[in-house]
Structure formats: structure tokens, C-alpha cells
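Chemist: In case you want the letters, here they are:
There are 2 protein chains.
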Amino acid sequence: MSGTFYGVGLGPGDPDLITRRAARLIENATIIAYPSLAGGDSFARSIAADLIPATAREIRMDVPMTRQRAPAQAAYDVGAAQIAEALVQGHDVVCLCEGDPFFYGSFMYLFARLKSRFRVEVVPGVTSVTACAAVAAMPLTARNEVMTVLPGPLPDVALRDHLRAADTLVVMKVGRHLARLRTLLADEGLTGTYIERATLGSEVVLPLSEAPDDAPYFSMILVTKGADPWL
Amino acid sequence: MSGTFYGVGLGPGDPDLITRRAARLIENATIIAYPSLAGGDSFARSIAADLIPATAREIRMDVPMTRQRAPAQAAYDVGAAQIAEALVQGHDVVCLCEGDPFFYGSFMYLFARLKSRFRVEVVPGVTSVTACAAVAAMPLTARNEVMTVLPGPLPDVALRDHLRAADTLVVMKVGRHLARLRTLLADEGLTGTYIERATLGSEVVLPLSEAPDDAPYFSMILVTKGADPWL
Numbered sequence: 001m002s003g004t005f006y007g008v009g010l011g012p013g014d015p016d017l018i019t020r021r022a023a024r025l026i027e028n029a030t031i032i033a034y035p036s037l038a039g040g041d042s043f044a045r046s047i048a049a050d051l052i053p054a055t056a057r058e059i060r061m062d063v064p065m066t067r068q069r070a071p072a073q074a075a076y077d078v079g080a081a082q083i084a085e086a087l088v089q090g091h092d093v094v095c096l097c098e099g100d101p102f103f104y105g106s107f108m109y110l111f112a113r114l115k116s117r118f119r120v121e122v123v124p125g126v127t128s129v130t131a132c133a134a135v136a137a138m139p140l141t142a143r144n145e146v147m148t149v150l151p152g153p154l155p156d157v158a159l160r161d162h163l164r165a166a167d168t169l170v171v172m173k174v175g176r177h178l179a180r181l182r183t184l185l186a187d188e189g190l191t192g193t194y195i196e197r198a199t200l201g202s203e204v205v206l207p208l209s210e211a212p213d214d215a216p217y218f219s220m221i222l223v224t225k226g227a228d229p230w231l
Numbered sequence: 001m002s003g004t005f006y007g008v009g010l011g012p013g014d015p016d017l018i019t020r021r022a023a024r025l026i027e028n029a030t031i032i033a034y035p036s037l038a039g040g041d042s043f044a045r046s047i048a049a050d051l052i053p054a055t056a057r058e059i060r061m062d063v064p065m066t067r068q069r070a071p072a073q074a075a076y077d078v079g080a081a082q083i084a085e086a087l088v089q090g091h092d093v094v095c096l097c098e099g100d101p102f103f104y105g106s107f108m109y110l111f112a113r114l115k116s117r118f119r120v121e122v123v124p125g126v127t128s129v130t131a132c133a134a135v136a137a138m139p140l141t142a143r144n145e146v147m148t149v150l151p152g153p154l155p156d157v158a159l160r161d162h163l164r165a166a167d168t169l170v171v172m173k174v175g176r177h178l179a180r181l182r183t184l185l186a187d188e189g190l191t192g193t194y195i196e197r198a199t200l201g202s203e204v205v206l207p208l209s210e211a212p213d214d215a216p217y218f219s220m221i222l223v224t225k226g227a228d229p230w231l
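Those sequence lines, one after another, are chains A and B.
Residues in the first sequence are numbered consecutively from 1, following UniProt numbering.
Residues in the second sequence are numbered consecutively from 1, following UniProt numbering.
It should be emphasised that the hints constitute simulated quantities derived from the structure, not laboratory data.
Note that this is a predicted model, so its numbers are computed, not measured.
Where is the CB? At the ideal position from N, CA and C, for every residue including glycine.
One should not assume that every hint holds.
As the list claims (entries may be wrong) - Lysine-lysine pairs mimicking BS3-like chemistry, simulated, CA-CA at most 30 Å apart:
{"#": "1", "chain 1": "A", "residue 1": "Lys173", "chain 2": "A", "residue 2": "Lys225"}
{"#": "2", "chain 1": "A", "residue 1": "Lys225", "chain 2": "B", "residue 2": "Lys225"}
{"#": "3", "chain 1": "B", "residue 1": "Lys225", "chain 2": "B", "residue 2": "Lys173"}
{"#": "4", "chain 1": "A", "residue 1": "Lys173", "chain 2": "B", "residue 2": "Lys225"}
{"#": "5", "chain 1": "B", "residue 1": "Lys173", "chain 2": "A", "residue 2": "Lys225"}
{"#": "6", "chain 1": "A", "residue 1": "Lys225", "chain 2": "B", "residue 2": "Lys115"}
{"#": "7", "chain 1": "B", "residue 1": "Lys115", "chain 2": "B", "residue 2": "Lys173"}
Claimed, not checked - Pairwise CB distance ranges, derived in the manner of DEER restraints:
{"#": "8", "chain 1": "A", "residue 1": "Ala137", "chain 2": "B", "residue 2": "Gly201", "range": "31 to 37 Å"}
{"#": "9", "chain 1": "A", "residue 1": "Val157", "chain 2": "B", "residue 2": "Lys225", "range": "17 to 23 Å"}
{"#": "10", "chain 1": "A", "residue 1": "Gln73", "chain 2": "B", "residue 2": "Thr191", "range": "26 to 32 Å"}
{"#": "11", "chain 1": "A", "residue 1": "Asp156", "chain 2": "B", "residue 2": "Thr30", "range": "50 to 56 Å"}
{"#": "12", "chain 1": "A", "residue 1": "Asp156", "chain 2": "B", "residue 2": "Lys225", "range": "19 to 25 Å"}
{"#": "13", "chain 1": "B", "residue 1": "Thr66", "chain 2": "A", "residue 2": "Pro212", "range": "46 to 52 Å"}
{"#": "14", "chain 1": "B", "residue 1": "Tyr217", "chain 2": "A", "residue 2": "Glu210", "range": "37 to 43 Å"}
{"#": "15", "chain 1": "A", "residue 1": "Ala49", "chain 2": "B", "residue 2": "Pro212", "range": "41 to 47 Å"}
{"#": "16", "chain 1": "A", "residue 1": "Arg143", "chain 2": "B", "residue 2": "Asp214", "range": "21 to 27 Å"}
{"#": "17", "chain 1": "B", "residue 1": "Glu58", "chain 2": "A", "residue 2": "Arg176", "range": "47 to 53 Å"}
{"#": "18", "chain 1": "B", "residue 1": "Gly40", "chain 2": "A", "residue 2": "Ala74", "range": "53 to 59 Å"}
{"#": "19", "chain 1": "A", "residue 1": "Arg67", "chain 2": "B", "residue 2": "Gly39", "range": "56 to 62 Å"}
Claimed, not checked - Okay, the calculated bits of chain B under chain A, using three or more residues with CB under 8 Å as the criterion:
{"#": "20", "region": "136-147"}
{"#": "21", "region": "161-169"}
Sequences and hints are given; from them, build the entire structure.
Modeler: Below is the structure:
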């Protein structure tokens with residue numbers, strides 16, 4: 001009988017924000033898998049590092065950062081094949097995922113390749129959205145407010161309508177788009193809070209007006225128009 | 001010195017989805033606080049029940065379910081006053097919150113009343129959004145896709161524009177609005193997946209077409225137009 005493929009959300013970065021279920025799966029894992037970007041350290045692995053058994057076999061998928069999708073696809077193809085081999089042999093495989101596996105997560109690329117052949121279980125995790133709200137002390141949504149999550153790389157025209165329509169805006173993947181996003185928000189009469197590396201030791205929380213133009217990829221802007229939770 | 005007021009996210013319902021930090025705070029609590037609705041059991045307390053020390057003092061806020069806001073406000077006023085009294089005496093207070101404290105959470109009403117006078121720390125939790133995606137095996141968002149969270153009680157005209165504009169739609173608080181929402185989605189050529197009580201023993205996952213018209217309040221519809229995570 002084949003093993004189970006676990007997609008395990010690890011939360012935003014602080015190992016204390018790993019769920020009890022995720023922690024137990026990692027502590028008991030014989031095979032773990034995780035992505036790393038362009039030869040760098042794996043952020044997912046670093047979150048879970050203290051929990052990984054020394055005896056566990058590690059399947060590392062190094063994903064190149066290119067505009068073309070084919071090289072990344074090839075990395076996931078190779079990783080999925082290695083994972084499939086272990087599953088066929090009856091081993092469970094625990095895939096480490098930053099945040100939540102199904103929320104802008106690379107786990108989805110493995111899920112798409114393996115779901116038809118194997119039992120897959122996803123353990124949801126704390127996302128950077130609510131982690132950023134917590135560290136910024138900003139309530140996100142109350143009552144019947146609408147919240148939209150927007151990737152910062154989208155063009156202005158796509159962003160603008162959403163900025164107008166929702167009560168709460170979560171702009172992800174800010175990075176080098178920060179100056180453009182700040183201008184776009186200001187043009188709509190909006191300001192926000194900038195958060196970088198939420199829940200990590202190097203965390204930064206600033207009014208958007210004071211945020212650095214060279215923001216890292218893992219940064220976010222939160223805008224709340226409503227969320228008056230007094231009443 | 002006053003104590004700290006902790007808003008602790010407990011996740012969607014399965015106690016295993018409590019984070020390690022939340023579990024430790026509850027296990028060591030001397031005073032816990034939580035809401036209950038209209039004289040019923042507290043869902044938040046039930047999630048954390050196994051972790052609550054027998055010796056802990058419990059501040060229960062019974063919130064009436066009325067259309068008028070004043071009775072609920074009064075309940076939070078009374079609860080905030082009890083919590084403030086304990087904080088002034090130097091005790092920490094751990095407030096139990098379903099899901100995440102700042103995501104449609106009643107914790108916000110206490111936060112608004114206490115934040116200017118006391119140290120408050122929010123521990124983010126797994127939201128029902130990613131929990132529902134996990135149990136339904138539905139990737140939510142990949143790459144630069146846009147996700148909007150919509151409360152089901154909103155009028156059709158407010159919902160329709162968002163249904164058209166986002167790639168992924170999360171309709172919360174479905175309850176008695178289910179039939180109307182299903183029609184509204186169908187009119188836009190959309191269908192979705194219905195999830196009820198995600199991660200609890202009584203969990204239900206169905207195509208929206210098969211969902212019961214008398215859905216409970218804690219139910220959700222997920223719609224993904226994009227999220228093709230193969231590439």
C-alpha cells in the first residue's frame with residue numbers, strides 16, 4: 001500500500017506558530033521534502049528545523065528563479081518523481097510549506113502532479129495575512145466587510161478596481177513594487193501599514209510612508225478602510 | 001505592573017490545529033476569557049477545552065444575538081471591565097478566539113476597548129479559509145491570482161462585482177443565504193464547493209449544487225476560477 005503525501009503548513013516563520021498537528025507529523029517523519037529557491041537555504045526547512053529528526057531522509061527541490069516557467073516546472077517534475085517513488089514504496093512523505101500549502105504555496109505544484117495517484121492530506125497553516133495583522137495590531141475584517149488579497153506585481157489597472165471595491169486590502173509580494181504601490185494607494189486617497197518578515201526576529205512594521213523602496217519579497221501592505229470594531 | 005491581554009487564535013475547530021504558542025499560553029493561563037452566543041456553549045472554549053487548567057478562572061461573555069448592536073456592545077463592555085480589573089491587578093488574561101482574532105473575530109471588540117490602556121498581544125491562528133481549502137482539496141491561489149473574502153449576508157449587488165473581479169472567492173457566513181448565493185453564482189456562470197464545520201467530526205464537503213438550503217452559520221462556499229497549479 002502506498003504512503004500518504006502530507007502538505008504541512010508551517011505558518012509565517014516563527015516556529016511557535018506551527019500547529020500541533022504539523023509539529024507531530026514532522027517529528028515522526030522518515031522522509032521530508034521541501035523547496036529552496038535558486039540554490040539558497042530553504043525558508044520552509046528553517047522554520048521546522050528544530051523538529052526534523054536527524055534520521056529523516058530529505059528531498060530538496062531547488063527551484064530556479066527565472067521568468068520562464070519551464071525550469072521551475074522541471075524542478076517540480078523531478079521532485080514529484082522522487083516523492084512518488086518513496087510513496088510507492090509505502091513511505092509517507094511530509095512536505096514542508098511556508099504559511100499555508102494552498103495559499104500562494106509551491107506545494108500546489110506537487111499536489112497537481114501527485115493527487116490522482118496518491119492519498120494526499122493537507123494540514124492548513126497560519127498565513128502571513130493574519131500574522132501581519134497580529135504584529136501590526138490591525139484588525140482585518142469585522143461584520144460584513146470585504147477583504148481582497150492582491151499580489152503586488154499586478155499592473156496598476158488591475159489593482160485599482162480592487163483597491164476601490166474592498167474594505168480591507170492585503171497586498172502580497174510587495175518587493176520591488178513598493179514605490180509604485182505607494183503611489184497607486186495615495187492616488188486613491190489610501191495609506192497603509194508596511195510589514196516585513198512578520199513574526200521573525202528581523203520583523204519590521206512601519207507606516208507605508210516610511211517603508212523602504214527596496215522591500216524584500218516577503219513583505220506586505222495592509223490597508224483597512226473599515227474595521228471599526230468598537231461597535 | 002499590569003498584566004498582558006492575549007488574543008489567542010485557536011484555528012477552525014480541530015484542537016490539533018492550535019499553534020504551539022497558543023497551546024502553551026492556554027496551558028499556563030490563570031485567567032481565561034471567551035465569548036458564547038445567546039446562552040449557548042462557547043465554540044472557542046470547546047476547541048481549547050483539553051488545555052484549560054482546572055484551576056483557571058473563567059470570564060465568560062454571553063453575547064446576545066440581536067439585530068440591534070447595543071445588547072452585544074453591553075456584553076463586551078461588561079467583559080472588558082472584568083478583564084481590565086484582572087489586568088490592573090497584574091494578572092495576564094488569555095482570550096480564546098475561534099479561527100484568528102483579527103479575522104471576523106469578536107476579540108476585536110475587546111481589543112478596541114482595552115488596547116489604549118494595556119499591553120495586548122495577538123497570536124494569529126489558522127483561519128477557516130485555508131482549513132476549508134485543505135479539507136476540500138482545493139488550492140486557493142497561485143502566482144498573481146486575486147482572492148476576495150465575501151460575507152454571504154451582503155446584498156446581491158455588492159456581491160456580484162466581486163464575483164466577477166476576483167480569481168478566487170471565499171464566501172463566509174453562508175447560513176440561510178445559501179439558496180440566494182447559489183443562484184447568484186449560477187447567474188455569473190460560476191459554481192463552487194460547499195464546506196460546513198471544516199476539521200470537525202461533523203464536517204461536510206459537497207458540490208454547491210448538492211448543498212442543503214438550511215446551511216449552518218459556520219459554512220462556506222469556495223470558488224476558484226484559476227488556481228491551475230500545474231505550471
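Chemist: CB of Ala49 (chain A) to CB of Pro212 (chain B), is that within 41 to 47 Å?
Modeler: Given range 41 to 47 Å: holds, Cβ gap about 45 Å.
Chemist: A range of 31 to 37 Å was offered for this pair. Does it hold for the Cβ distance of Ala137 (chain A) and Gly201 (chain B)?
Modeler: With a Cβ separation near 35 Å, Ala137 (chain A) and Gly201 (chain B) satisfy 31 to 37 Å, so the hint holds.
Chemist: Can you let me know if the beta-carbon spacing of Asp156 (chain A) and Thr30 (chain B) is within 50 to 56 Å?
Modeler: 52 Å, holds
Chemist: Given the hint that Lys173 (chain A) pairs with Lys225 (chain B), test it: the Cα-Cα distance must not exceed 30 Å.
Modeler: It holds: about 21 Å lies between the C-alpha atoms, which stays within 30 Å.
Chemist: Is it true that Val157 (chain A) and Lys225 (chain B) lie within 17 to 23 Å of each other by Cβ?
Modeler: 19 Å, holds
Chemist: Lying within 37 to 43 Å: is that true of the beta-carbon distance Tyr217 (chain B) to Glu210 (chain A)?
Modeler: 41 Å, holds
Chemist: Taken at face value, is the distance from the CA of Lys225 (chain B) to the CA of Lys225 (chain A) at most 30 Å?
Modeler: 27 Å, holds
Chemist: Mind checking, does the region 161-169 of chain B have 3 or more residues with a CB under 8 Å from chain A?
Modeler: It holds: at least three residues are needed, and the region 161-169 of chain B offers 4 whose Cβ sits within less than 8 Å of chain A.
Chemist: Holds or violated: are the alpha carbons of Lys115 (chain B) and Lys173 (chain B) at most 30 Å from each other?
Modeler: 27 Å, holds
Chemist: Is the gap between the beta carbons of Gln73 (chain A) and Thr191 (chain B) within 26 to 32 Å?
Modeler: 29 Å, holds
Chemist: Against the range 19 to 25 Å, how does the distance between the Cβ atoms of Asp156 (chain A) and Lys225 (chain B) compare: consistent or not?
Modeler: Holds: the Cβ-Cβ distance is about 22 Å, inside 19 to 25 Å.
Chemist: Verify the proposed pairing of Lys225 (chain B) with Lys173 (chain B), using a straight-line Cα cut of 30 Å.
Modeler: At roughly 21 Å apart (the allowed maximum being 30 Å), Lys173 (chain B) and Lys225 (chain B) satisfy the hint.
This entry satisfies every hint, going by the numbered hints stated previously.
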